[in-house]
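Participant: Letter by letter, the chains look like this.
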Amino acid sequence: MILKPQTEDIKNIGYYLGKIMLGLGLTMLVPIIFGLSISEKNAALDFFIGIEIALIFGLILTKLCYTEKDLNWMQGMIVVSLSWLVAMILGAIPLYLSGHWKSYLDACFDAMSGFATTGLVLVQDLDHLSFTHNLWRHLIMFLGGQGIVIVALSFFVRGISGAFKMYVGEARDERILPNVINTARFIWLISIVYLILGTAALAIVGMLNGMKPFSAFFHGACVFMAAFDTGGFAPQSQNILYYHSFPFELVTIVIMILGALNFKLHYHLWMGNRREIWKNIETVTLFITIIITWVITGFGLSQLGIYPKAMVLFRKGFYQLISGHTGTGYMTIYARQFINEWPNLSLVGLTIAMGLGGAVCSTTGAIKMLRIGIIFKALLQDIKRIILPEKAIVIQKFHHIREIFLEDKVARAAFIITLAYLLLYGMGAIVGMLFGHPFLDALFESTSAAANVGLSCGITDVGMPAALKLTYIFQMWAGRLEFMSVFTLIGFFVAAIKGK
Amino acid sequence: MKLKSQYQIIPIIPNKSQSQNPKTKKIWIWDFGFILDLVVFVILGFALNAHAQSLSSTELINNAKQYDGKTITYTGEVIGEIMLRQDFAWVNVNDGQNAIGIWTPKDLIREIRYSGTYTSKGDWVEISGVFSRACLEHGGDLDIHAQELRKISSGRKISERLNSGKKNFALVLLGILCLIWILRQLKAK
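Residue numbers (our numbering), protein chains in the order written: chain A, 1 to 500; chain B, 1 to 189.
What the hints contain is simulated information worked out from the structure, not anything from laboratory work. For clarity, every value in this text was computed on a predicted model and none was experimentally measured. Careful: at least some of the hints might be erroneous.
Claimed, not checked - Only pairs whose alpha carbons sit at most 25 Å apart, straight line, appear in this in silico PhoX-like list of lysine-lysine:
{"id": "1", "chain 1": "A", "residue 1": "K212", "chain 2": "B", "residue 2": "K151"}
{"id": "2", "chain 1": "B", "residue 1": "K157", "chain 2": "A", "residue 2": "K41"}
{"id": "3", "chain 1": "B", "residue 1": "K166", "chain 2": "A", "residue 2": "K41"}
{"id": "4", "chain 1": "A", "residue 1": "K212", "chain 2": "B", "residue 2": "K70"}
{"id": "5", "chain 1": "B", "residue 1": "K151", "chain 2": "A", "residue 2": "K102"}
Claimed, not checked - So these bits of chain B aren't anywhere near chain A, every CB distance computed over 12 Å:
{"id": "6", "residue": "K70"}
{"id": "7", "residue": "T71"}
{"id": "8", "residue": "T73"}
{"id": "9", "residue": "P105"}
{"id": "10", "residue": "D107"}
{"id": "11", "residue": "E111"}
{"id": "12", "residue": "Q147"}
{"id": "13", "residue": "R150"}
{"id": "14", "residue": "E160"}
To be verified - Reference listing, derived: stretches of chain A covered by chain B, where coverage requires no fewer than 3 residues with Cβ under 8 Å from a Cβ of chain B:
{"id": "15", "stretch": "41-50"}
{"id": "16", "stretch": "210-219"}
{"id": "17", "stretch": "300-311"}
Glycine included, C-beta positions come from ideal geometry on N, C-alpha and C.
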């Protein structure tokens with residue numbers, strides 16, 4: 001029997017959702033201060049309206065649904081899934097007000113793409129967008145990459161045991177430090193330190209490439225936020241091609257890879273445990289899958305001979321591959337070049353790379369390396385069971401910070417999530433085909449959306465049907481949250497209708 | 001009506017009686033020569049026009065193989081920043097569909113004053129140069145190596161005025177926000 005949700009459930013959800021709205025609203029102070037400091041008054045006004053709407057709804061919800069009760073698992077999951085939708089709606093307000101998005105749905109698309117660190121865009125005339133709105137586009141990637149709820153956990157929610165439930169709901173099931181609040185703060189510490197270093201590195205390269213200091217630092221900060229959080233937005237319409245610089249591309253590769261690593265691994269590296277990087281199942285799997293997918297992609301490209309020099313192949317082939325594998329979506333070619341110039345084999349290699357993703361507890365989306373590693377180990381275990389005598393006890397272990405015995409339930413969980421991702425990729429591809437796109441193009445774009453990558457073969461366009469926009473929004477949302485909280489939300493609505 | 005009476009339709013292929021008449025024959029030869037000239041003129045005109053006509057970025061990107069290594073003309077607005085690289089510079093030019101990188105000698109960009117940003121409309125320029133779909137000199141970038149660069153129209157600074165509609169909306173929201181805040185405080189007491 002399905003139980004109908006109680007008023008208490010709705011109050012709890014509403015209260016914490018209100019808190020997250022308040023937190024999100026306050027993050028708009030950053031673009032307001034920035035906008036006013038560079039005299040972009042209209043742009044600052046857009047954010048002023050945005051913050052007011054967020055605070056109004058946040059205050060109403062926290063008042064109407066006031067509770068001192070803690071969240072249970074179901075409520076925590078629902079708060080997370082709804083938080084991301086609310087973030088999209090609120091985050092899109094200043095974007096839409098700028099006049100650079102043709103409809104509110106388009107602004108919502110870009111807001112979800114930003115928060116989910118995807119990088120697909122529907123913005124119009126990006127080259128004339130204000131610095132303030134551009135900062136917001138990249139800031140939402142930074143916030144989304146850390147996890148919207150983590151932002152709230154770190155600064156606005158104190159000492160609640162329900163924090164861990166929301167943390168898990170946001171696809172972060174690993175605690176770096178014993179306390180989840182401290183874990184959230186450590187993730188922020190890592191990100192801020194890298195932000196300073198990465199921005200400085202990109203700004204220096206930018207200045208050496210002929211950019212003015214202010215512009216170089218602004219671009220450096222924006223590109224860092226989108227690269228480290230494996231997002232893929234860039235301040236100009238040409239994406240990374242705008243810079244025409246190999247050193248700039250090289251620095252972004254390093255940042256993208258750093259962003260694709262597990263925060264727990266970052267912690268151990270910071271603590272001096274450097275050997276972990278060579279032993280960890282995720283880094284080993286990442287290394288192997290990069291090689292395999294590069295062999296597929298590179299072979300296709302070299303067969304066609306469009307990039308005859310090694311350097312050209314690296315900057316146009318390998319760059320897109322790393323960008324796709326880490327889930328960033330930075331591009332040094334135009335979207336239509338994938339379809340017009342790349343062979344199908346290379347597109348397949350790149351699509352596989354996008355579908356695999358980076359590490360768990362990182363800013364990447366997709367299936368992720370830990371699950372791929374576990375599935376491979378489980379397969380090995382089963383083969384050993386078949387080969388070895390029946391009485392033999394087969395034990396499989398893997399190294400992820402410590403040695404872990406591979407249990408069936410761990411392998412099962414990895415399989416289920418992997419299957420869910422594959423279904424999500426396939427579902428988007430079918431919808432794409434329903435709108436007349438060829439299979440490979442539709443699969444490429446769908447995988448890019450669901451795996452939160454952001455590489456585009458040209459399907460994502462302001463003129464695409466609203467149903468396809470909504471499909472990609474759903475894919476970005478479900479893919480970022482790794483399904484559990486989305487399933488819980490769907491279950492909640494089913495219970496509300498059918499429950500007794 | 002007047003026009004109609006002035007012109008007569010002359011058949012291109014003469015009939016027997018016309019060809020026998022020397023006067024008619026002369027007229028026919030003249031007409032044929034005129035039409036031939038016209039055809040040549042039209043063909044040449046198209047060819048010349050095709051060379052001089054500016055290609056759009058979408059046309060170039062979608063048919064990159066066809067235009068690879070060819071001298072083309074491209075027109076658009078200078079956007080972002082001009083990035084100087086020793087004796088050359090990268091200028092990104094957007095034609096309203098996409099932006100393409102233009103690799104140009106430094107002395108060709110002297111005329112450029114404005115580049116498109118939030119606060120300015122960039123100069124509109126016409127570039128004649130060699131198009132590459134994957135330039136070997138520049139790591140495979142799809143670019144144009146400029147041979148000529150001409151400013152078509154000048155850009156300008158955009159002065160920003162506070163949008164009164166938005167300002168009023170923000171003030172109304174501020175009023176609502178204050179009201180909610182006061183009500184909360186009163187209820188709390």
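Participant: Against each hint, give a clear statement of whether it holds in the structure.
Facilitator: Hint check results:
1. Taking the CA atoms of K212/A and K151/B, the gap is about 23 Å. The hint holds against a cut of 25 Å.
2. A distance of roughly 16 Å separates the Cα atoms of K157/B and K41/A; the hinted pair therefore holds under the 25 Å criterion.
3. At most 25 Å may separate the alpha-carbon atoms for a hinted pair to count; K166/B and K41/A meet this at roughly 11 Å.
4. Of the pairs offered as hints, the one joining K212/A and K70/B is violated, with about 33 Å between alpha carbons and a cut-off of 25 Å exceeded.
5. With a C-alpha separation of about 31 Å, the suggested pairing of K151/B with K102/A is violated against the 25 Å cut-off.
6. With a minimum CB-CB distance of about 17 Å to chain A, K70/B clears the 12 Å threshold, and the non-interface call stands.
7. Distance to chain A confirms T71/B as a non-interface residue, since its nearest Cβ pair spans about 21 Å, more than 12 Å.
8. The Cβ of T73/B lies farther than 12 Å from every Cβ of chain A, with a closest approach of about 19 Å, so its non-interface assignment holds.
9. With a cut of 12 Å on Cβ distances, P105/B stays outside the contact zone with chain A, its closest approach being about 14 Å.
10. For D107/B, the condition that its CB be more than 12 Å from all CB atoms of chain A holds, with the nearest at approximately 16 Å.
11. Listed as a non-interface residue, E111/B keeps its Cβ farther than 12 Å from every Cβ of chain A; the least gap is roughly 18 Å.
12. With a minimum CB-CB distance of about 18 Å to chain A, Q147/B clears the 12 Å threshold, and the non-interface call stands.
13. Every Cβ of chain A is farther than 12 Å from the Cβ of R150/B; the closest lies at roughly 21 Å, confirming the non-interface assignment.
14. For E160/B, the requirement that its beta carbon stay farther than 12 Å from each beta carbon of chain A is not met, with the minimum near 6 Å.
15. By the rule of at least three residues with a Cβ nearer than 8 Å to a Cβ of chain B, the coverage given for the stretch 41-50 of chain A holds, with 7 such residues.
16. A stretch counts as covered by a chain when three or more of its residues have a beta carbon under 8 Å from one of that chain; for the stretch 210-219 of chain A and chain B the count is 4, and the coverage holds.
17. As drawn, the stretch 300-311 of chain A meets chain B at 5 residues by the rule of a beta-carbon pair under 8 Å; at three or more, the given contact holds.
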